[in-house]
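In order, the protein sequence lines correspond to chains C and Y. With my numbering, letter number 166 in the first sequence gets 166, and the count goes up by one each step, no holes. With my numbering, letter number 273 in the second sequence gets 273, and the count goes up by one each step, no holes.
In case anyone wonders, no lab produced these hints; they're calculated from the structure. What you are looking at is a predicted structure, and each value in this text was computed from that prediction instead of being measured. Beta carbons: idealized from backbone N, C-alpha and C, even for Gly. Any given hint might turn out to be false.
Claimed, not checked - Result set (EDC-like, lysine to aspartate or glutamate): computed pairs, CA atoms no more than 20 Å apart in a straight line:
| # | chain 1 | residue 1 | chain 2 | residue 2 |
| --- | --- | --- | --- | --- |
| 1 | Y | Lys110 | Y | Asp244 |
| 2 | C | Lys110 | C | Asp52 |
| 3 | C | Lys315 | Y | Glu73 |
| 4 | C | Lys110 | C | Glu88 |
| 5 | C | Lys290 | Y | Asp182 |
| 6 | C | Lys110 | C | Asp95 |
| 7 | Y | Lys110 | Y | Glu22 |
| 8 | Y | Lys110 | Y | Glu231 |
| 9 | C | Lys290 | C | Asp312 |
| 10 | Y | Lys290 | Y | Glu140 |
| 11 | Y | Lys290 | C | Glu140 |
| 12 | C | Lys290 | Y | Asp50 |
| 13 | Y | Lys110 | Y | Asp167 |
| 14 | C | Lys110 | C | Asp244 |
| 15 | Y | Lys315 | C | Glu73 |
| 16 | C | Lys110 | C | Glu229 |
| 17 | Y | Lys290 | C | Glu22 |
| 18 | Y | Lys110 | Y | Asp236 |
Claimed, not checked - Coverage of chain C stretches by chain Y, computed from C-beta distances (three or more under 8 Å per stretch; other residues unrestricted):
| # | segment |
| --- | --- |
| 19 | 71 to 80 |
| 20 | 131 to 138 |
Claimed, not checked - Covered stretches of chain C (in silico footprint by chain Y; criterion: 3 or more residues with CB under 8 Å from a CB of chain Y, positions within the stretch not fixed):
| # | segment |
| --- | --- |
| 21 | 155 to 166 |
| 22 | 278 to 286 |
Number of protein chains: 2
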Amino acid sequence: MSELRYHPFLGTWVITATHRQERTFHPPDDFCPLCPTRPFGFPTEIPEPDYDIAVFENRFPSLTTPSAEPAIEGLPLCPVLSSQGVCEVICYTSDHRATFADLSLSQVRKLTRVWRERFIDLSVRPGIEYVFVFENKGREIGVTLSHPHGQIYAFPFVPPVPARMLDQERRHFEATGRAMTDDWLNQELVSGSRVVVAGETFAAVVPFFARYPFEVHIVGRMGRRSLGEMEPSELDDLAEMLLDTVRRYDRLFGFSMPYIMAMFQSPVAGDHPYTRFRVEFYPPFRTADKLKYLAGVESAMGTFINDTLPEDSAKRLREA
Amino acid sequence: MSELRYHPFLGTWVITATHRQERTFHPPDDFCPLCPTRPFGFPTEIPEPDYDIAVFENRFPSLTTPSAEPAIEGLPLCPVLSSQGVCEVICYTSDHRATFADLSLSQVRKLTRVWRERFIDLSVRPGIEYVFVFENKGREIGVTLSHPHGQIYAFPFVPPVPARMLDQERRHFEATGRAMTDDWLNQELVSGSRVVVAGETFAAVVPFFARYPFEVHIVGRMGRRSLGEMEPSELDDLAEMLLDTVRRYDRLFGFSMPYIMAMFQSPVAGDHPYTRFRVEFYPPFRTADKLKYLAGVESAMGTFINDTLPEDSAKRLREA
Numbered sequence: 001m002s003e004l005r006y007h008p009f010l011g012t013w014v015i016t017a018t019h020r021q022e023r024t025f026h027p028p029d030d031f032c033p034l035c036p037t038r039p040f041g042f043p044t045e046i047p048e049p050d051y052d053i054a055v056f057e058n059r060f061p062s063l064t065t066p067s068a069e070p071a072i073e074g075l076p077l078c079p080v081l082s083s084q085g086v087c088e089v090i091c092y093t094s095d096h097r098a099t100f101a102d103l104s105l106s107q108v109r110k111l112t113r114v115w116r117e118r119f120i121d122l123s124v125r126p127g128i129e130y131v132f133v134f135e136n137k138g139r140e141i142g143v144t145l146s147h148p149h150g151q152i153y154a155f156p157f158v159p160p161v162p163a164r165m166l167d168q169e170r171r172h173f174e175a176t177g178r179a180m181t182d183d184w185l186n187q188e189l190v191s192g193s194r195v196v197v198a199g200e201t202f203a204a205v206v207p208f209f210a211r212y213p214f215e216v217h218i219v220g221r222m223g224r225r226s227l228g229e230m231e232p233s234e235l236d237d238l239a240e241m242l243l244d245t246v247r248r249y250d251r252l253f254g255f256s257m258p259y260i261m262a263m264f265q266s267p268v269a270g271d272h273p274y275t276r277f278r279v280e281f282y283p284p285f286r287t288a289d290k291l292k293y294l295a296g297v298e299s300a301m302g303t304f305i306n307d308t309l310p311e312d313s314a315k316r317l318r319e320a
Numbered sequence: 001m002s003e004l005r006y007h008p009f010l011g012t013w014v015i016t017a018t019h020r021q022e023r024t025f026h027p028p029d030d031f032c033p034l035c036p037t038r039p040f041g042f043p044t045e046i047p048e049p050d051y052d053i054a055v056f057e058n059r060f061p062s063l064t065t066p067s068a069e070p071a072i073e074g075l076p077l078c079p080v081l082s083s084q085g086v087c088e089v090i091c092y093t094s095d096h097r098a099t100f101a102d103l104s105l106s107q108v109r110k111l112t113r114v115w116r117e118r119f120i121d122l123s124v125r126p127g128i129e130y131v132f133v134f135e136n137k138g139r140e141i142g143v144t145l146s147h148p149h150g151q152i153y154a155f156p157f158v159p160p161v162p163a164r165m166l167d168q169e170r171r172h173f174e175a176t177g178r179a180m181t182d183d184w185l186n187q188e189l190v191s192g193s194r195v196v197v198a199g200e201t202f203a204a205v206v207p208f209f210a211r212y213p214f215e216v217h218i219v220g221r222m223g224r225r226s227l228g229e230m231e232p233s234e235l236d237d238l239a240e241m242l243l244d245t246v247r248r249y250d251r252l253f254g255f256s257m258p259y260i261m262a263m264f265q266s267p268v269a270g271d272h273p274y275t276r277f278r279v280e281f282y283p284p285f286r287t288a289d290k291l292k293y294l295a296g297v298e299s300a301m302g303t304f305i306n307d308t309l310p311e312d313s314a315k316r317l318r319e320a
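Excised from the complex, chain C in its bound form (with noise of 0.2 Å):
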């Protein structure tokens, strides 16, 4: 039901998950399957009358152990390899009605704590080299389910966009001796005309290569490389940032903001000096009432026109 193909053109994996056509699309409040199940109530994905933050796996994973043997075989351009992997679903709190930007601090402290557990659990089961954790919010970036919950994708590869970035940040280390986050940072940081919040441990900053019109990535000045590495107090203070990021977003156009959120961390095999923790996040809204879309030149080219001055939105959130 899920294979990965291979793209020759592109030199990347393609996942065909056609069971995924099934999934859960906007049920009603009444039958969301991430709430809790209510005594004599609809059974969802957590047989229990209440939680606090529940993880399970995906019900329509793209990634599964164990995975079946593909039911196609390649063609010799185009090889084929079993969906090896784990998706998971977090649930933040058993509140329907709420989103990240609801909750309490130590809510999010406690998620962290979470994610950390997550992604150490499954960066040591074999055959995973890159753990995703992320969150896709509202209906516009095509969520299905709107009660308030993250995902984690543990891939059998490294994904192209971080395998990418890892090879631009090791050529820089080698060039210079030094990490591309950590001199990035300190640019922004002497500039500071697009940094959004800079605090002791972490920074939010409108790159000023944003591709998106509200793009900010939370970026660390301690040299993590994952969430792994992260001490108590550094997952407090992400946990901050984190929600000081959305309320922001919520704040900026007076709605509950949509966006893409992404965790980009260090592959799970081999050592990777030069690369940094980082969170990016991509809103889709480029007004309060207009949307970016990634067309023509974006999706089949990989060009990105961003209709906004990363300056310009810097300010906005630095204001909101």
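Please arrange chain Y on chain C, whose structure you already have, making use of the hints.
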């Protein structure tokens, strides 16, 4: 108002073009800027009472020549360039209500000559490295003007996706002495299960490695690297295959199918014997009423999840 900013982590240029925020957004039909200028009517982009096919520079361009000096200084890690290049609009017909699929075969044949002429003309302009002919169709793709039209971007660099493909194609050529596209097409034709139409000069195929649910590639059998190399009879056959494809899309779900149509061609400079002209279609629907979104896994990781089986999609398009 527009500049190229370097993304050091991806090694790519981002176009920052803030004046595009003001571009015309879903105007009423009577105020369509791509219609002919009716006597005593609103002055459109085309100051003529009628036209057959019209080409002009985009009034809200991402790339322009001459282009102003960048208004901002870069960071050490993030240089800035002026956004030199050309953005053109091609109106397929003066009929506001038509779509590509409604055009006559003779009109599409004319259109292939216009594309070819624009490709050749833009290719020899100083500073241009890649000419991208494409169409964004439909509100779901983010199109803000419904009048049937395509676009051309003449880039001052080879964009990251074709750059990546050229690299893969070059490696295959060095290893085998053959073009990857020729080998891949032969493998698809032998297999047969993903071929939508096999013509004498072009074939339409849902590729084994399709990333989008009803992705179709139109590939030539004559080894051409660009429109500039094609004979009139080949342009005629291309027109027929394009028209056949978009009409199948419309019949697939019984409505006018939105899509991104993207032409991949040889870069302007240098000799690239290993590459081939190709047209790729990315429709955004995975079923008649469900869209495929590019969420966290696609946008942040670059890994695509296809919820459909390419073999099924090809069968449905063959039968459509």
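Results for each hint:
Distance check on the hinted pair: Lys110 of chain Y and Asp244 of chain Y sit about 16 Å apart at the alpha-carbon level, within 20 Å; holds. Distance check on the hinted pair: Lys110 of chain C and Asp52 of chain C sit about 10 Å apart at the alpha-carbon level, within 20 Å; holds. Between Lys315 of chain C and Glu73 of chain Y, the direct Cα distance comes to roughly 18 Å. Compliance with the 20 Å bound is thereby established for this hinted pair. Straight-line distance between C-alpha atoms of Lys110 of chain C and Glu88 of chain C comes to about 17 Å, which keeps the hinted pair within the 20 Å bound.
With a C-alpha separation of about 42 Å, the suggested pair Lys290 of chain C and Asp182 of chain Y falls outside the 20 Å cut-off, and the hint is violated. Our distance criterion of 20 Å between C-alpha atoms is met by Lys110 of chain C and Asp95 of chain C, whose separation comes to about 16 Å. Restraint check for Lys110 of chain Y and Glu22 of chain Y: the C-alpha separation of about 33 Å exceeds 20 Å, so the hint is violated. A threshold of 20 Å between alpha carbons decides the hint, and for Lys110 of chain Y with Glu231 of chain Y the separation of about 13 Å falls inside it, so the pair holds.
Proximity of Lys290 of chain C to Asp312 of chain C is assessed by CA-CA distance (about 17 Å); at most 20 Å being required, the pair is judged to hold. Distance hint between Lys290 of chain Y and Glu140 of chain Y is fulfilled; the C-alpha atoms sit about 11 Å from each other, no more than 20 Å. Distance restraint check for Lys290 of chain Y and Glu140 of chain C: the Cα-Cα separation of roughly 13 Å lies within the 20 Å cut-off, and the hinted pair is therefore satisfied. Restraint check for Lys290 of chain C and Asp50 of chain Y: the C-alpha separation of about 32 Å exceeds 20 Å, so the hint is violated.
Proposed proximity of Lys110 of chain Y and Asp167 of chain Y is contradicted: the alpha carbons are some 33 Å apart, above 20 Å. Between Lys110 of chain C and Asp244 of chain C the CA atoms are separated by roughly 16 Å; this keeps the pair inside 20 Å, and the hint holds. A C-alpha spacing of about 18 Å is found between Lys315 of chain Y and Glu73 of chain C, which places the hinted pair at or below 20 Å, so the restraint holds. Between the alpha carbons of Lys110 of chain C and Glu229 of chain C the distance comes to roughly 16 Å, so the proposed pair stays at or under 20 Å and holds.
Under the criterion of a C-alpha separation no larger than 20 Å, the hint pairing Lys290 of chain Y with Glu22 of chain C is consistent with the structure, at around 11 Å. At roughly 9 Å between alpha-carbon atoms, Lys110 of chain Y and Asp236 of chain Y fall within 20 Å of each other, so this suggested pair holds. Counting residues of the segment 71 to 80 of chain C whose C-beta sits closer than 8 Å to any C-beta of chain Y gives 6, which meets the bar of three, so the coverage hint holds. For the segment 131 to 138 of chain C, the stated coverage by chain Y holds: 4 residues have a C-beta nearer than 8 Å to a C-beta of that chain, and at least 3 were required.
Check result for the segment 155 to 166 of chain C against chain Y: holds, 7 residues qualifying (beta carbon to beta carbon below 8 Å, three or more required). For the segment 278 to 286 of chain C, the stated coverage by chain Y is satisfied: 3 residues place a CB nearer than 8 Å to a CB of that chain, which reaches the threshold of 3.
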